[in-house]
Each structure stands twice: as C-alpha cells, then as structure tokens.
Amino acid sequence: MSKLTHNDLLILLAAIGILLILSRLVAELGKKFKLPIVMGEILLGILIGPTVFGSISPEIFSELFPKTGGAKIALDGITSLAVIMLLFVAGMEVQLNVVLKQGKAAIYTSFTSMVIPFVLGFSIVWYFPDIFHFQEKYHLVYALFFGIAMSISALPVITRILMDLNLFKTNVGMVVIAAAIFDDLTGWLTFSLVLSMIGQEGEITNVWYTIGMILGFGLFMLIIGKWIINKILPWIQNKLSWPDGVLSICLGCCFLGAAFTENIGLHAILGAFITGIAFGDSVHLHEKAREIIHQFVTNVFAPLFFVSLGLRVNFIQNFDPILVSIVLFLAVVCKVFGASLGAYMGGLSKRESIAVGFGLNARGAMEIILGTLALNAALIDEKMFVALVIMALITSIISGPLMKKFTGV
Amino acid sequence: MVKEIDTPALAMAMADDNTKPEASKIKKDFSESESKRLHSIIERSNPESVKVNERIIGGKPGYAISKYARDKNADLLVINSPDTHLNLFDRIFTHDIEYILADLPCDVLIVHSRVSN
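Chains as they are written, first to last, in numbering that gives the first Met the number 0: chain P, 0 to 408; chain Y, 0 to 116.
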C-alpha cells in the first residue's frame, strides 16, 4: 500500500503554506482596488502555475507542485474537499421564501434570468456544435452544460457589489438577490443532473433514474432531513462546545450527504448543496454559526481551491481568443437580456431593469467551480475552461460599475 | 414596536475580505437605517402620550419576533397579516407567519393589512 513519504509530506505542507499566505496577500491587495477576492486567487494561481512561474523555472515548479505522486494526490483530495464545502455554503444561502416574498418582480426576474440564458446557451451548442470541441456522445450533456454555464450567477459577488453600492436593502437589490438565489438553486440542481449523466467510465447513464434520485434525495433532505436538523440544532448550539460543536456537526453532515449522493451514482456536490440548503433554511442556525462556517470555508479552503486551478492549466497555451469572445459575448447578452426583461415585466423601470441585468451578470466563483467540475469530468477541454474563467472574472468586474451607472448611486 | 431585519447572503459576502471593525460597521449601519425607518413609522402613527420602546431584531422574519415575544413574556403580539393570499408555495416553503401560528408565543392579534393599507 502506498503512503505519504517524508518528502511528499514536506512538499504538501510547503505548497499549502505558500498558497495560503500568498493568496491572503493578494486578496488584501485586491481589496484596495475593490476587486473580487476570487480574481486575486486565480491571478496568483496563473502567476505561480505553469503559465508564468512554471515556464520561467520549470524545475522548482515541478519540485513544489509535482504532477504525480503522493503530494499531488493529497492536494487534489484537499481541493475536492474545498469544492464540496463551497457548495455546502452556497446551499446555506438558498432561501426560497426570500424569492417568493419579493413578489412579482423577483419571480419574473428569477425565471427569465435562468430560462432565457439557458435556452439560448443550449440552442447555440445544439445547432452550432462546430464552434465547440466535445465528443459526439456528449452533444446533449455539453449543450445542457453550456446552457447552465450561461444562466448561473454568483451570489457572494453580487451581494458584495450591492453592499458596496449601498443597494442591498433596496428594491433593485432584493430582486437581484432573490433571482441569484433562484438561479443558484436551479443551476446547481441541473448541473448535478448533467454530471450524474456522465458515468464513471464516461458513458451516458439513464437520465430518468438520475432525475428520480435527485428529486428523491432532495425531498428526503428538505422534509425529513430538515425536521431532524430543526430538532438537533438547538441542542448542538446550547449543549456542545461553541463553535466547535456546530461546525463539526454541520460539516460532518455535509460530507455524509456528499458521500451518500456519490454512492448512489449522483455527484458529491449535490449532497453537499442540498444538505447546505437544509441547514441554511433552519431557523435555529444562529447567525454567528453561519458566519463562522462561511469564514472557515472561504478563508481556508476556497483559496486553496481557486489558486490550485491556476496550477493545473496553462492559461496562455489554452487561450483561444475566438472562443473567449464567443463565451463572453453570449454570457453577457443572454444574462443581461433575460434578467432585464423579467425585471421590466415585473414592474421595475427601464434603468432599474438594466441594473438588475448587469447585477445578475456577475458569475464569479460559481462559474469557476462549475467549469472545474466539468473539466474534471472531461466534459469540457482546457480551452473552454480558460474561456469560462475569463468570462467569470470579466463579468464580475464590470457588474459593479455598470450597476452603479444604471441605478445612479 | 419591534422590527425584524433579515439579511440573506450577507454572511457569505462578508466572509472573505472584511476586517472585524468593517464587518461590525456594516451590521451597525443596517441596524441604524432600519431603526430610522421604524422611528419614522412610529412618528407618522402619532402615538401622542403613549411611550413607545423601539427595538430592531435580527433573524428569520416570523421566527425572530415569535422568539422575542416568548423571551420577553409578552402578553399580546400584534402583527400584520400577509400582504397577499397564501398559496401552495407558502405551504411548501414555510411562510413567515407560520412560525408564529405553529407555536403561539402568547396571544396574537393579526391586523388585516390589506384592509387597513
């Protein structure tokens, strides 16, 4: 049986240490320019990855970040944990009653900002497959994936922008938040379906079985799971050590949920996401506990994940300007049109509707996680991955200034 | 007079790049702006000689006020009715008022907001 050698351990610890410290420094620097934290982490990955550092000093790069061996497997394990935890915390913010409570504007915006980009993205791949590179057997799943990639939004980036612009508690702000919650929910559920359709050996599995399992697991967790959580959470928070108890139990349940869905043939992210919804929806989860879980995941595991993306892909070699332009153009047009139309139909003014459209256009970390999972599943190639990352970063940067312009704050 | 504030996704957005004083300031600002709104509502209603205590509480609407009433051993909780008729979705995704009605903290008076506007 193979085990982590002394050298592997040394490399692993040094790599994690360097990644954590540098990512924090870059995040602090980015903060000065009001850039999303994920942007600094991706840029850092590109700088210390094969794109820059790896091409200047390949020996030291391959010594510190080896492509094979125990340290590589261990680091991959840690980044997989990070994705699962990121989906858990994303699930914790999905509160559907927030969508319903915002009324007509939020419901229309949620629906059109999801459906229009999805249908347009799906149709482009379905009718013009030659623009993209994928295996013939993946035509349907690739089209589904691209539709989801066009329709997803990044709730944390959007909330941050709304806070900076002082729009968080306004009508526009709440419509944007509600629609982003809805887009996250439907996007991740559909993406779990897409990932689960690709079997272990790359074959296409039975879609009805997968849909049935997703619905079954979702209903079980949101009815019985939530009932159990509501019973045990007050006890955990009052009787166990604070905050250790709630942190351990929440993350423990997240991993068990992820393990369960992986075991029944669905993807682990689905289990984590739905367990997150069940915990986040509980009225008994203290706001402080929510904050601690977010901080733990966002500041320790998220940087490792986002920086490590730059370590595995060469962003210059895989930069395809035509593909990047197509992805970026489609993403912006589909989302801004879809979301603005819904907001306008829901009764917002023209300018407010366009502001909502640009707000929801921020893709941020969520799009990058989506791209990584698709790359891991060999559904997309590295060129498409680079295009999605660039699109996610650009949409996140332009979102704030354009919202500001149209809301006049 | 108690006003609830719910801040969906705020914990997530504040997790990454806020120093402690900044995070506290953001929360304080939210609380203050809601406090101002509550105060203006009270002034508009012209309470005259009645002494009104104003409170802002955080948490899930419905649940937070119910817990507050229970903690304070309130005699009567006065709330407004939902703005629209409840439907199937409100049964599936618990409506705020259900947190109060499912486990009454004390006597409850529901003022019909659709009539009183």
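Please note that a few of the clues may not be correct.
What the hints assert, rightly or not - The calculated label-pair distances, taken between Cβ atoms and stated as ranges, are:
hint, chain 1, residue 1, chain 2, residue 2, range
1, P, Leu-28, Y, Leu-87, 49 to 59 Å
2, P, Pro-233, Y, Phe-88, 25 to 35 Å
3, Y, Leu-87, P, Lys-287, 31 to 41 Å
These are calculated hints, taken from the structure and not from any lab test.
Here the structure is a predicted model, which is why all the values come from computation and not from measurement.
Where a beta carbon is used, it is the ideal one built from N, C-alpha and C, also for glycine.
Do the hints match the structure? See the list:
1. The beta-carbon spacing between Leu-28/P and Leu-87/Y, approximately 50 Å, falls within the hinted interval of 49 to 59 Å.
2. Hint check: Pro-233/P to Phe-88/Y, Cβ distance near 27 Å, so the stated range 25 to 35 Å holds.
3. The beta-carbon spacing between Leu-87/Y and Lys-287/P, approximately 34 Å, falls within the hinted interval of 31 to 41 Å.
Checked against the numbered hints above, the structure violates none of them.
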